[in-house]
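With the sequences and hints as input, model every part of the structure.
Going line by line, the protein sequences match chains X and L.
Take our numbering: the final residue in the first sequence is number 452, and no numbers are missing along the way.
Take our numbering: the final residue in the second sequence is number 535, and no numbers are missing along the way.
In short, the hints are calculated from the structure, not lab data.
A quick note: this is a predicted structure, and the numbers were derived from the prediction, not measured.
No residue lacks a Cβ here, since even glycine has one placed at the ideal position from N, Cα and C.
Incorrect hints may have been included.
[Unchecked claim] Subject to a maximum C-alpha distance of 30 Å in a straight line, what follows is the list of computed DSSO-like cross-link-like pairs (lysine-lysine):
#	chain 1	residue 1	chain 2	residue 2
1	X	Lys142	X	Lys335
2	X	Lys150	X	Lys372
3	X	Lys228	X	Lys357
4	X	Lys62	L	Lys511
5	X	Lys228	X	Lys342
6	X	Lys62	L	Lys335
[Unchecked claim] Computed footprint of chain X on chain L; a stretch qualifies when at least three of its residues, placed anywhere within it, have a C-beta under 8 Å from a C-beta of chain X:
#	stretch
7	227–241
8	488–500
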Amino acid sequence: MKTTFDSPISQEGKQYSTLNLGPTHPATHGIFQNVLTMDGEIIVHAEPTIGYIHRAFEKLAEHKPFYQITPITDRLNYCSSPINNMGWHMTVEKLIGAELPKRVEYMRVIVMELARIADHIICNSVIGVDTGAMTGFLYVFQWREFIYEIYEELCGARLTTNVGRIGGFERDFSETAWRKIDHLLKELPKGLKEFEQLLVRNRIFMDRTINCGPISADRALQYSFSGPNLRAAGVDYDVRVMNPYSGYQDFDFEIPLGTNGDTYDRFMVRQEEMWQSLSIIRQAVGKLGKLEDKSTFHADIPSFYLPPKEDVYNNMEALIYHFKIVMGETDVPKGEVYHCVEGGNGELGFYLISDGGRQPFRLHFRRPCYIYYQAYPEMIQGAFLSDAVLTMSSMNVIAGELDA
Amino acid sequence: MSSALIFTTILIIVIFTITLVIAMYSTYGERKVAAFLQDRIGPNRAGPFGILQPMADGVKMFMKEEIIPDMSNKWLFILGPCIAMTTALMTSAVIPWGNSLSIGGESYSLQVTDVNIGILYIFGVVSIGVYGIMIGGWASNNKYSLMGALRASSQMISYEVAMGLAIIALVMMTGTLSVKEIAAQQSGGNWNVIYQPLGFIIFLVCAFAECNRTPFDLPECETELVGGYHTEYSSMKLGFYLFAEYINMFISSAVISTLYFGGYNMPFIARFISDPNLLTLLGTAFLFAKILFFIFFFMWIRWTIPRFRYDQLMNLGWKGLIPLSIANIFITALIMWLTGKVS
Chain X
49 MKTTFDSPIS QEGKQYSTLN LGPTHPATHG IFQNVLTMDG EIIVHAEPTI
99 GYIHRAFEKL AEHKPFYQIT PITDRLNYCS SPINNMGWHM TVEKLIGAEL
149 PKRVEYMRVI VMELARIADH IICNSVIGVD TGAMTGFLYV FQWREFIYEI
199 YEELCGARLT TNVGRIGGFE RDFSETAWRK IDHLLKELPK GLKEFEQLLV
249 RNRIFMDRTI NCGPISADRA LQYSFSGPNL RAAGVDYDVR VMNPYSGYQD
299 FDFEIPLGTN GDTYDRFMVR QEEMWQSLSI IRQAVGKLGK LEDKSTFHAD
349 IPSFYLPPKE DVYNNMEALI YHFKIVMGET DVPKGEVYHC VEGGNGELGF
399 YLISDGGRQP FRLHFRRPCY IYYQAYPEMI QGAFLSDAVL TMSSMNVIAG
449 ELDA
Chain L
193 MSSALIFTTI LIIVIFTITL VIAMYSTYGE RKVAAFLQDR IGPNRAGPFG
243 ILQPMADGVK MFMKEEIIPD MSNKWLFILG PCIAMTTALM TSAVIPWGNS
293 LSIGGESYSL QVTDVNIGIL YIFGVVSIGV YGIMIGGWAS NNKYSLMGAL
343 RASSQMISYE VAMGLAIIAL VMMTGTLSVK EIAAQQSGGN WNVIYQPLGF
393 IIFLVCAFAE CNRTPFDLPE CETELVGGYH TEYSSMKLGF YLFAEYINMF
443 ISSAVISTLY FGGYNMPFIA RFISDPNLLT LLGTAFLFAK ILFFIFFFMW
493 IRWTIPRFRY DQLMNLGWKG LIPLSIANIF ITALIMWLTG KVS
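In structure tokens, the structure reads:
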């Protein structure tokens with residue numbers, strides 16, 4: 049038999065083997081490659097490769113009017129696309145200086161927190177699958193499915209939602225949507241508890257995840273980590289609190305913190321965040337009930353928000369605005385803005401430069417996955433192959449967001 | 193040809209068929225049990241309740257294109273699954289499936305052959321099974337397969353030690369290596385598990401490891417090693433590997449039932465039924481009930497808990513189970529000495 053690889057040799061003259069983890073490997077949950085130098089089961093060195101699904105989003109965005117960029121953001125972190133959509137809307141609203149009614153802000157909070165729960169459900173249950181416990185995954189996945197049904201009710205789509213418009217929502221939440229949200233608030237805690245009983249104090253699960261892929265708070269900050277991965281390392285940074293947007297300052301919630309920054313801490317932080325998100329949604333529903341305003345679903349910015357079709361046909365002003373928006377004739381202020389939201393797995397930022405034209409002059413996405421993946425080789429050095437797989441899934445690196 | 197030989201031939205064919213059918217339906221059972229535990233429906237398209245699913249799977253396996261990688265060692269690549277399948281089927285020869293039947297005044301034992309070293313035979317054959325996996329994994333010339341094979345061989349060798357030591361305590365107690373004798377000694381509800389609880393637990397854990405079942409399914413864990421040692425296999429050769437796993441599970445359950453749970457012996461039933469043939473057949477049914485329970489137990493565990501990491505597995509084997517099983521031997525010896533069973 050021929051050997052087709054020439055492997056690196058260590059200083060002691062030991063021959064290492066090279067293992068290609070990816071680009072298509074069941075553990076990567078996406079398309080990225082890791083060239084691992086292995087000493088038996090132990091990883092000596094890791095060389096990550098990215099770009100397998102690079103779709104040139106930032107360049108693409110320079111050729112699209114503002115409202116057509118929303119579908120692009122769907123495809124960043126596709127596990128929590130509503131948050132990306134909302135982040136983009138808010139960035140443009142910041143640029144044009146739009147003031148949003150409270151009702152719209154709270155509706156956005158509900159959608160974003162639903163997306164956070166859906167995102168964390170995927171991440172945590174996939175940690176379970178990667179340790180070999182498939183059952184918990186299916187227990188909570190039916191609730192993610194239910195959240196997707198709520199999305200469907202809000203905007204008609206499930207995965208790439210394209211929900212909301214610049215200035216608000218395309219339509220009000222329907223009766224069914226409210227009913228489904230109520231049902232979720234009532235039933236999801238049961239599902240989450242069941243899932244926690246399966247894994248949280250499970251001896252094998254704890255052995256597998258504690259001290260697996262740890263990162264210190266210092267290192268995490270140096271890499272500019274954010275979101276659950278940073279909080280698991282013990283730094284209490286959350287964009288929703290540090291730099292509130294969309295009315296988050298009106299809500300009362302806790303930021304869970306870990307201590308070691310290992311897989312178990314990341315798992316627990318996400319688990320607790322789901323409970324906090326549920327409480328935020330509950331508060332938002334309550335606040336919406338108390339508001340005087342029961343029907344506004346968009347801000348009053350006629351030059352950016354498309355008028356209803358009926359008005360376009362019967363009303364001259366609406367027709368003019370419709371024409372101006374579609375043809376890109378609305379004036380956009382010159383300037384640059386940065387807006388960030390607490391995305392599913394970290395600070396999702398949009399850096400937008402406008403030269404007054406209908407498209408952005410330059411748009412940059414601050415993608416948390418891109419940052420986490422840089423730290424990945426360091427985190428898995430000296431670990432077992434099984435740990436590498438778990439570390440990857442616990443950081444929730446999504447290929448779509450990594451490669452943009 | 194003597195009637196005994198004819199009977200044995202029939203028995204071999206019957207056992208062979210039953211083993212295959214049970215292994216086949218274990219795949220269906222596994223999917224249904226998984227569905228039950230995971231709040232799903234499971235296969236329900238092929239036939240009523242999906243009971244034709246295993247046939248459909250078998251047909252699918254045969255119809256698939258057979259791929260042998262260019263760089264593989266072709267002869268060994270084919271040999272691997274053959275060894276796995278053969279050894280899996282060989283073990284059933286020494287298991288006493290029931291007491292004896294008397295037909296026309298002659299009594300026939302429901303055991304293919306009563307080797308006086310039956311337990312050693314089982315261990316020997318099971319050990320050869322490792323070669324099937326090792327050869328298959330190595331011959332594929334794929335790093336994932338190789339790692340799966342390495343994991344499988346080190347795991348099975350480590351856990352065989354603890355398993356053997358657990359059995360030694362049992363052998364000390366029963367004073368025989370013949371499986372039939374051990375089964376016969378447990379008549380009247382006198383099950384070995386009562387006297388050897390620790391030995392039973394160690395044996396059970398090792399049986400899981402020997403069968404490559406969760407939480408010890410590292411050789412084929414799909415999230416790390418793609419498919420483990422059978423990554424490169426396709427068609428019925430893959431089917432053989434998967435099938436061998438289910439046969440091993442069936443045989444393990446049979447061995448556990450026979451060694452620790454009284455085998456074909458039914459307590460209290462003998463008082464009510466006088467026909468010895470009926471009693472024997474009922475005993476066989478009782479044994480199969482126990483076997484099916486253990487197969488269910490295997491599946492139940494698989495769909496409930498996560499799997500170990502490689503080093504944790506080795507720690508558990510060498511630092512946990514082996515000292516425990518040695519302690520079990522000493523405890524057994526001490527009790528035997530104190531109760532005067534040994535001079």
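A quick look at each hint next to the structure:
Straight-line distance between C-alpha atoms of Lys142(X) and Lys335(X) comes to about 24 Å, which keeps the hinted pair within the 30 Å bound. Simply put, Lys150(X) and Lys372(X) have alpha-carbon atoms about 27 Å apart, close enough for the 30 Å limit, and the pair holds. The hinted pair formed by Lys228(X) and Lys357(X) meets the criterion: a straight-line CA distance of about 28 Å does not exceed 30 Å. A C-alpha spacing of about 28 Å is found between Lys62(X) and Lys511(L), which places the hinted pair at or below 30 Å, so the restraint holds.
At most 30 Å may separate the alpha-carbon atoms for a hinted pair to count; Lys228(X) and Lys342(X) meet this at roughly 19 Å. As the CA atoms of Lys62(X) and Lys335(L) are separated by approximately 18 Å, the hinted pair is consistent with the 30 Å bound. Here's how the stretch 227–241 of chain L fares: 4 of its residues keep a CB closer than 8 Å to some CB of chain X, so the rule of at least three is met and the hint holds. Under a criterion of three residues with beta carbons nearer than 8 Å to beta carbons of chain X, the stated coverage of the stretch 488–500 of chain L is upheld, 6 such residues being counted.
Hint compliance for this structure: every hint is met.
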